[in-house]
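Peer 1: Put together the whole structure using the sequences plus the hints.
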Amino acid sequence: MMNINKYPEIKSGSKLIKKIYVAVMLWIVGRAIQAASRVDREVKEEFGRLSDDFMMHLHVLPSGPGMIVGKDKNGKVRYMGWNPKGKKITLDMKVKNIEGAILMFTFQESTCVASANNRLAVSGNVPDTMAFIRILNIVETYLLPKIITSLAVKRYPKWSQMSPLRKYAGRVLVYVRTFTF
Amino acid sequence: MQIPGYYEFCNKVKTVSGHNALDKLPEMLASVNSVKPLIITDKGVNGAGLIEPVKKALGTKVKSGGVYDDVPADSDVKTIKDIAAKYRAAKCDSIIAVGGGSVLDTAKGVNILVSENSDNLMNFVGFGALKRRLKPLIAVPTTSGTGSEMTLVAVIADHERDVKMLFPSLFLLPDFAVLDSRMTKTLPAALTAFTAMDAMTHACEAYTCLSKNPLSDSTAVMAIKLISDNIMQGVKKPGDMEARLALANASALAGMSFSNSMVGMIHAIGHSIGAICHVPHGVCMSVLLPYGLEYNLHKTGLLTGELLFPLKGEEAYNSAKAEERPLLTIRAIREMNSELRKATGGKHPTCLKEIVDRDGNMMVPREVLSDIAHLSLNDGAMVYNPEDLDYNDALMVLEKAWEGEPLDRKKIRKGKQTSLVKVKD
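If you're matching them up, the sequences are chains A and B in order. First residue of the first sequence? That's 63 in the numbering used here, and the numbers climb one at a time after it. First residue of the second sequence? That's 3 in the numbering used here, and the numbers climb one at a time after it.
If you are wondering where the hints come from, they were derived from the structure by calculation, not from laboratory data. Backbone N, C-alpha and C define an ideal beta-carbon position, used for all residues, glycine too. Heads up, a few of these hints could be off.
To spell it out: a stretch of chain A is covered by chain B in this simulated footprint if at least three of its residues, at any positions, have a beta carbon under 8 Å from a beta carbon of chain B; those stretches are [what the hints assert, rightly or not]: (1) 179-190; (2) 203-217.
Label pairs and their computed distance ranges (CB to CB) [unchecked claim]: (3) A:V238 to B:F129: 31 to 41 Å; (4) A:T168 to B:E325: 30 to 40 Å; (5) A:F241 to B:P74: 53 to 63 Å; (6) A:I82 to B:V37: 52 to 62 Å.
Peer 2: Dropping the structure here:
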């Protein structure tokens, strides 16, 4: 008879470095979304159309890292840390594993391509998800140089969509607000 | 061909196809240990006498749990609750859904409630909400378009809250899909035309959008070939049972394809036209299909060009240069729509302004294009479209589709060209 104790469960490695990298990126993106909601008209309008209790949790399965962005009691968009405990999440975006998260956050795969490749599982309202993807695209345009953002979005905004003034002034303001407290 | 780094494909529907496929119903029910099925349908299907062959097939061997034929054109939560109550009262143990997309989606909704012993569908919205196998479901499509008999999703409206809810789960895949040519024989010419073009759109978008994979590609290509070879015959000679069976198979293949690789901007814009103007889904798809392919050409030119082979055959494909094929594919689809318009006595529209209701009133007035453009940006199908669209892009496509003019491809704001075949603007 087979002795099951001879065959212990194989646990995946912790992949600590990758988790730290994704955690840092999620922190930056979360803070940058908060900053862009104050700086960019389009991001402001997108959040304006979302419900007052909007709360988005983007996290990596099975055990994180993650980030929460939502509206506070005054309707202001805030980065709300990583812990969903006690928060009413209205849009739950799960990256199925850390390898998928690495592809997304090293910008080898855009959010849309990650969805198409079954790396994301989303629970929540579809229009909210679409709005959040549009917000993420704008924030990435502010945060990253064109050569990298071009990999992360389907179409890098042309001058007619985002003037250089808006882009560069916005970039400075988003950076300042992201990294100052 | 590029194989995706990772993809998922699942279809576990047992397909039973044939001119008398329904006769196998008792065996199908026995194989899932069912003795009392509830038949769900709508008044149109029942009135056309299509429930008779189902009852006849069940014969005396199977005790029917009754027929519910009050499913509305737009499946809704209230109807689903009513049917679930009837199912429980009659102590049924399986469902036979006979109808188009609305009936099949309703049956999936009923199956959720009766299997989970619940009265609240809201508890099962979204991926992962269903955790276990549902009651047996046999899907008998009476149109050849939606492919719902092969899909893992149900779209159900909540009219009180004015929202459409999405229920995606592998557990919603029917146990059987019965493709019987008798069930589409009475389908009017115009309905045959636009439902087949709906299936054509499923296949074309599945083949060209972001979530494509080798398995969905193969079913999509076969669906396109079957539709291309049989659509005119099915419209002009409704009694041609071979053509009917071929179109039913094409619809199932296209359903299998897009259920696994999703669809793009054509569906996103089409859903919004349907929501605002109440235009049948297949009609929107027929009109928008060439525009969606045209818009994405700089990303999917090669793939669109490959579709010329199943559409027009080997000779047409081989005699064209690689860079000519994408535009020839689009032209072939426009010609198909024009031919269908002639064959249906003008009932099949080729542009949005030609869509009229039964009284001849225009269903998509130009003034609503802006609302449609706004709404389409929030449709989940946009995620899978190869190129991005903002409000101005969606409006541009809608205006051209309204007039029936091709897109001015120089005006399309293009992201990085990824197609290996470059098509001249």
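Peer 1: When I compare C-beta atoms, does the segment 179-190 of chain A have three or more residues closer than 8 Å to chain B?
Peer 2: holds (count 9)
Peer 1: Go ahead and decide if the range 52 to 62 Å is satisfied by the Cβ distance of I82 of chain A to V37 of chain B.
Peer 2: Holds: the Cβ-Cβ distance is about 59 Å, inside 52 to 62 Å.
Peer 1: Verify this for me: three or more residues of the segment 203-217 of chain A with a beta carbon less than 8 Å from a beta carbon of chain B.
Peer 2: holds (count 4)
Peer 1: Given the hint of 31 to 41 Å, is the C-beta distance from V238 of chain A to F129 of chain B inside that range or not?
Peer 2: Since the Cβ atoms of V238 of chain A and F129 of chain B sit about 38 Å apart, the hinted range of 31 to 41 Å holds.
Peer 1: With respect to the beta-carbon atoms only, verify the hint that T168 of chain A and E325 of chain B lie 30 to 40 Å apart.
Peer 2: This hint holds: roughly 34 Å between Cβ atoms.
Peer 1: Take a look at whether the Cβ-Cβ distance between F241 of chain A and P74 of chain B falls inside 53 to 63 Å.
Peer 2: About 55 Å separates the Cβ atoms of F241 of chain A and P74 of chain B, which means 53 to 63 Å holds.
The structure shown violates none of the earlier numbered hints.
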